[in-house]
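Under our numbering, the first residue of the sequence shown is numbered 814, with each subsequent residue one higher.
What the hints contain is simulated information worked out from the structure, not anything from laboratory work.
Just so it is clear, the structure is predicted and the values come from calculations on it, not from any experiment.
Every residue gets a Cβ at the ideal spot worked out from N, C-alpha and C, and that includes glycine.
One or more of the hints may lead you astray.
Unchecked claim - Subject to a maximum C-alpha distance of 27 Å in a straight line, what follows is the list of computed DSSO-like cross-link-like pairs (lysine-lysine):
id, residue 1, residue 2
1, Lys1045, Lys846
2, Lys1043, Lys846
3, Lys1063, Lys1045
4, Lys1057, Lys1045
5, Lys990, Lys846
6, Lys1063, Lys1052
7, Lys1063, Lys1043
8, Lys1057, Lys1043
9, Lys846, Lys1052
To be verified - Distance windows between CB atoms, simulated:
id, residue 1, residue 2, range
10, Ala1075, Asp827, 29 to 35 Å
11, Asn1055, Ala880, 41 to 47 Å
12, Glu1011, Asn1066, 40 to 46 Å
13, Ala1073, Asn951, 55 to 61 Å
14, Tyr849, Asn1055, 18 to 24 Å
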Amino acid sequence: MHVPPPDLRIIPVDAPQPHEEHDSQRSQPLINKIRYAEFITNPPIVTHTEDDQYIILDGANRCFTFAALEFPYILVQVVSYFGGQVELNTWNHVVSHWNADEFMEQVDALEDVEMLEGQHKHAIAHVCLPNGSMIALNAPVQSVHERNAALRDFVRIYQQNATLNRTPLTEPAEVWKLFPEATALVIFPGYRPNDIIEAARYEAYLPPGISRHVVHGRALQLNYPAAALKDKTEPLEAKNANLKRWLTDKLLNRQVRYYAEATYQFNE
């Protein structure tokens, strides 16, 4: 697969449009981390649509953080959504450190969600419990807005009351081994790129941490000066010209290394 060099851009902080809500469990620590950071390390991933919109594919929490800290600009990596550079998968959620009965009682109290035993094709999510049972959540609604709203209400229950971890795993037995304090495994259906774009365009947001974008050629550990994003005096065109020169120098001096294999990072 041909992987192009990263397309890095500095854009106004309010330009990227989310397709999902931010995760308060992750964004608050980011605010504390970035507030005094000297360098920007991992830029959010966005795609640039034909109607000149920037849509966040990965990094909603970072975009929220920069806006919350009142940065006028943000550094992003722009990728083509339909050119083979991006794969759209799904994260599942491991819910931990909460009583399972209380969890399911609150789910049962949701107005737009009904609980069904076993697997169901059109469920908005499936909940697997350590006792071996599986519960399908059905949302008998008419529109994508209502469906995603019901999904947000569901995820918000454990986001506010439990510990949430993301996982690509779908086999409960594997999850219980890795997360011995797990209350439940929540498995979500797959999505298409157009689902993501429509969620952003029409503000029918998904809950945080469900869409998983695998980006071939993701730019990491940039260490680009944060001062360039805080400065309001330099024109945006000049900022991007400086960014382009910085990237060219990095490439010419062999300071950029491409890893084709999947990796685990332990410094997040």
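The hints, checked one at a time:
no. : hint                             : in the structure
1   : Lys1045 with Lys846              : holds, 22 Å
2   : Lys1043 with Lys846              : holds, 15 Å
3   : Lys1063 with Lys1045             : holds, 25 Å
4   : Lys1057 with Lys1045             : holds, 19 Å
5   : Lys990 with Lys846               : violated, 31 Å
6   : Lys1063 with Lys1052             : holds, 17 Å
7   : Lys1063 with Lys1043             : holds, 22 Å
8   : Lys1057 with Lys1043             : holds, 18 Å
9   : Lys846 with Lys1052              : holds, 24 Å
10  : Ala1075 with Asp827: 29 to 35 Å  : holds, 33 Å
11  : Asn1055 with Ala880: 41 to 47 Å  : violated, 22 Å
12  : Glu1011 with Asn1066: 40 to 46 Å : holds, 42 Å
13  : Ala1073 with Asn951: 55 to 61 Å  : violated, 41 Å
14  : Tyr849 with Asn1055: 18 to 24 Å  : holds, 23 Å
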